[in-house]
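Q: Sequence:
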Amino acid sequence: MGSFTGILMTEAKFEPEELKASLPSWVEEERGIAIALLRVNMIYLATLRRLPFLICSVCCNYRMQNYGKISPKVATASKNSPSVVASKISIFQQVLLVQALRPDRLYSASALFASRVLGLKELFSQAVNLKNLLKTTSNLEPILIIISAGVDPSQELSELASSTIGAENYVQVSMGQGQIEVANENLKICATEGRWLCSSWNKKKHAKDIRFLTPSYLSKAGNILRARTLFVLSFFHAVLQERRTYIPQGWTKFYEFSSADLRVASEVIDRICLNSDQKIQWEYVQGLFETTVYGGRIDVLFDSRLSVPTSVDYKEHLQVIRSLPDTDSPSLFGLPENIERSAQCTSSRKMIDQLKRLLRPIEIADKFDVHRWNVELSPILVLWKKLNQGSQIIHLQLTAPQFNQMAEEPPIISFIRLEYYSGVRLVQSIHASLASISKVIRGAILLTDEIHTLATSLLKHETPSLWQKKWEGPEDPLSYLRGAMRRALAVQTWLPKAESGQLLEESLDLSHLFILTLF
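Take the sequence shown: its position 375, counting from 1, is numbered 375 in full-length UniProt numbering, and each next residue is one higher.
To be clear, the hints were calculated from the coordinates, so they are not data collected in a lab.
Virtual Cβ for every residue (Gly too), placed ideally from N, Cα, C.
One should not assume that every hint holds.
Ranges between beta-carbon positions, derived for each pair [stated by the list, open to error]:
1. E141 with V117: 30 to 36 Å
2. A114 with F302: 32 to 38 Å
3. V264 with S331: 24 to 30 Å
4. I451 with F236: 23 to 29 Å
5. F236 with R357: 31 to 37 Å
6. E450 with K386: 24 to 30 Å
7. G166 with R322: 22 to 28 Å
8. D353 with E256: 19 to 25 Å
Start from the sequences, fold in the hints, and give me the full structure.
A: Shown next, in the form of structure tokens:
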């Protein structure tokens, strides 16, 4: 697990040219560091746990040419492990291989791993049928509904209670200041007469006959236009919700589209479609949805440009609906097919971040343990020392670029000069921070609040906020150190080329710039 989350630290230093030369042709160049880390960590694990040498030879020497040909389909990507690999290593080690070689398939591989270990066909639970749930509960235990922001099930509960036990046997109390006694009194009455009580908060836990159920919408037969319109509404509502899977491409942020929006929209359609005496003003309905029901949640102008099909041919729409696959395609949401790779990478990062939080010791922030600091922070200190070998960046004394001087030189040179100055300042700031931690461990200086905050972040495997303020880099501290030093050294070679006019004569790797957060 430490290798998977990055908590298993290594002080190994990797030279870009050596990594590039050692990679097989079927491995993307950007995966060089990930594969090198896998090699180091697998050797480390083999030493600790005595893994078979064959695992090291397969994983560390990259003898898996078939892995470069993994199926592009997300659903089957993690199942296409080469037989020579799958038969020799565990399923979790296969996940590590996918993490190093195909991070855009890591989420699928992790889900497959979890389902196999837990013996489940699928990890995602089915929608809860509360009417069936009622049969499995007793009157001695309450049923708690956990809802997200913007969701209000009270209307559905009221409708279901009316159709099941009658509206006169359903009591709803809006909890707030001064409502505790009212709720308790209603609770006693409901417990005695067998009624249902719905409250949003109750300090006492002796409720006996509370029942929370969510009904389906009652079908009103005989109106074909209404049925078709509700189908379009349901499809539209599903598209709005599913696009949240592809943040920031689908939406720029997470919008709280909920069943409450669908209920309000369906009520609007009911009022319009059931009034057959008037001609339906569809532009009015669309405008109402765009500005109030759904569009009212959207506060970013870019997100309001959701495109819709331009065809008005009924047969074309019917053909598309009948051909819908079991697994939703991004094209259904107006997104490119390759966006699934970005969504998988985003989901994988969130998953790893959540695992890191679960693995963090609780007592880190409250205790100062010199032995623990020495053991857990030494890999970071050693790595930083190795990264600085052969470099004089930490000893440079630079003056800030003067604006009057920059105004007289080409913009490209001014830009590179600013990047170089910022990179040197960042490296020197990191060096000063780590040097202070090292001195505290050795007992050369006293512990201060600033040093304690820095060390606590590193012990939690987080990049300190002091560093992030200077450059918003990776959240993993080891990746941050490697990225900062790699960029500083690269920009250092750019400056003389820019001053001599030779910078643009060769290809440039824009990931060496600090200013671009894309990389």
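Q: Is 24 to 30 Å a correct range for the gap between the Cβ atoms of E450 and K386?
A: Distance hint for E450, K386 holds at roughly 25 Å.
Q: Holds or violated: 23 to 29 Å for the Cβ distance of I451 and F236?
A: 55 Å, violated
Q: Does 30 to 36 Å hold as the CB distance between E141 and V117, or does it fail?
A: Because 31 Å falls inside the window, the suggested range holds.
Q: Look at the Cβ atoms of F236 and R357 and judge whether their distance stays inside 31 to 37 Å.
A: 36 Å, holds
Q: Are G166 and R322 spaced within 22 to 28 Å by their CB atoms?
A: 42 Å, violated
Q: Tell me if the beta carbons of A114 and F302 are separated by a distance inside 32 to 38 Å.
A: Since A114 and F302 have Cβ atoms about 35 Å apart, the given range 32 to 38 Å holds.
Q: Between D353 and E256, does the C-beta distance stay in 19 to 25 Å?
A: The hinted range 19 to 25 Å holds for D353 and E256, with Cβ atoms some 22 Å apart.
Q: Do the Cβ positions of V264 and S331 conform to the proposed distance bound of 24 to 30 Å?
A: Holds - the Cβ-Cβ distance for V264 and S331, about 29 Å, lies within 24 to 30 Å.
Hints 4 and 7 from the list above are not met by this structure, while the remaining hints are.
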